[in-house]
Amino acid sequence: MHATYLLLLAACVVGTLPLEFVLHTRVYAQWLRLIGTLVPVVLVFGAWDLLAIHQHTWGYNAKYLVGVTLPGRLPLEELLFFLVIPTCSILAFEAVRARQPEWFRE
Amino acid sequence: MNYTLLAAIGVALAIATDAAVLRTRLLRQRGFWVAYAIVLFFQLVTNGVLTGLPVVRYDADRILGLRIIYAPIEDLLFAFAMVTITLSVWVWLGARVRRPRRQR
Chain A
8 MHATYLLLLA ACVVGTLPLE FVLHTRVYAQ WLRLIGTLVP VVLVFGAWDL
58 LAIHQHTWGY NAKYLVGVTL PGRLPLEELL FFLVIPTCSI LAFEAVRARQ
108 PEWFRE
Chain B
97 MNYTLLAAIG VALAIATDAA VLRTRLLRQR GFWVAYAIVL FFQLVTNGVL
147 TGLPVVRYDA DRILGLRIIY APIEDLLFAF AMVTITLSVW VWLGARVRRP
197 RRQR
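Residue numbers (this note's numbering), protein chains in the order written: chain A, 8 to 113; chain B, 97 to 200.
These aren't lab readings, by the way, just hints derived from the structure by calculation. Predicted model, so just to flag it, every value in this text is computed and none were measured. Hints are supplied without guarantee of correctness; some may be wrong.
[What the hints assert, rightly or not] If you anchor each label on the Cβ, the simulated ranges turn out as follows:
no.: 1; chain 1: B; residue 1: 136; chain 2: A; residue 2: 50; range: 22 to 28 Å
no.: 2; chain 1: A; residue 1: 14; chain 2: B; residue 2: 163; range: 19 to 25 Å
no.: 3; chain 1: B; residue 1: 138; chain 2: A; residue 2: 75; range: 21 to 27 Å
no.: 4; chain 1: A; residue 1: 106; chain 2: B; residue 2: 112; range: 25 to 31 Å
no.: 5; chain 1: B; residue 1: 112; chain 2: A; residue 2: 21; range: 32 to 38 Å
Ideal placement from N, C-alpha and C gives every residue a C-beta, glycine not left out.
Can you build the whole structure from these sequences, using the hints too?
In structure tokens:
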């Protein structure tokens, strides 16, 4: 199915979204801080992805992609991956911090 | 350069970012590791789908060949680096935003 990878990413977004409302993680609420975090992550790890694609370290199966390809032969889903997964990670981190703030002292 | 070496460098850079560059010191906090364990669990599921179908295919000559639920071990290192750097920048930015307000 061409939407497989895209749906997997959508499931990650939908699955972690309740954390924002139930545990008040305030990740999406601080959208400027979120963007400021995502920009360097996308640049660094996106560059790594482009290098790996260029060197044929890994490649993507067109069967599971919607077919939108960005410069450097980067599938759209990969760019979204670098936005979605870090955001989910921040939500998990802030969810733990919301429940157990004392676990975040050295 | 092969994926194994790059992934190891990625982990080293992530540790350096947290310990020395941004000095967020997340790796010393229990909460970070609990959050990372949660992320790791869901990574094994999603990465398993991506590498099991496979959506992503790897050059066998550029990885060790050690796999956990279809995912090359290098993917776990890549993700650790990405998650650690993400959270380090997130926490660092949070401290930067709050600090000036406190000084007033």
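May I ask which of the numbered hints given earlier this structure violates, with the numbers listed in increasing order?
none
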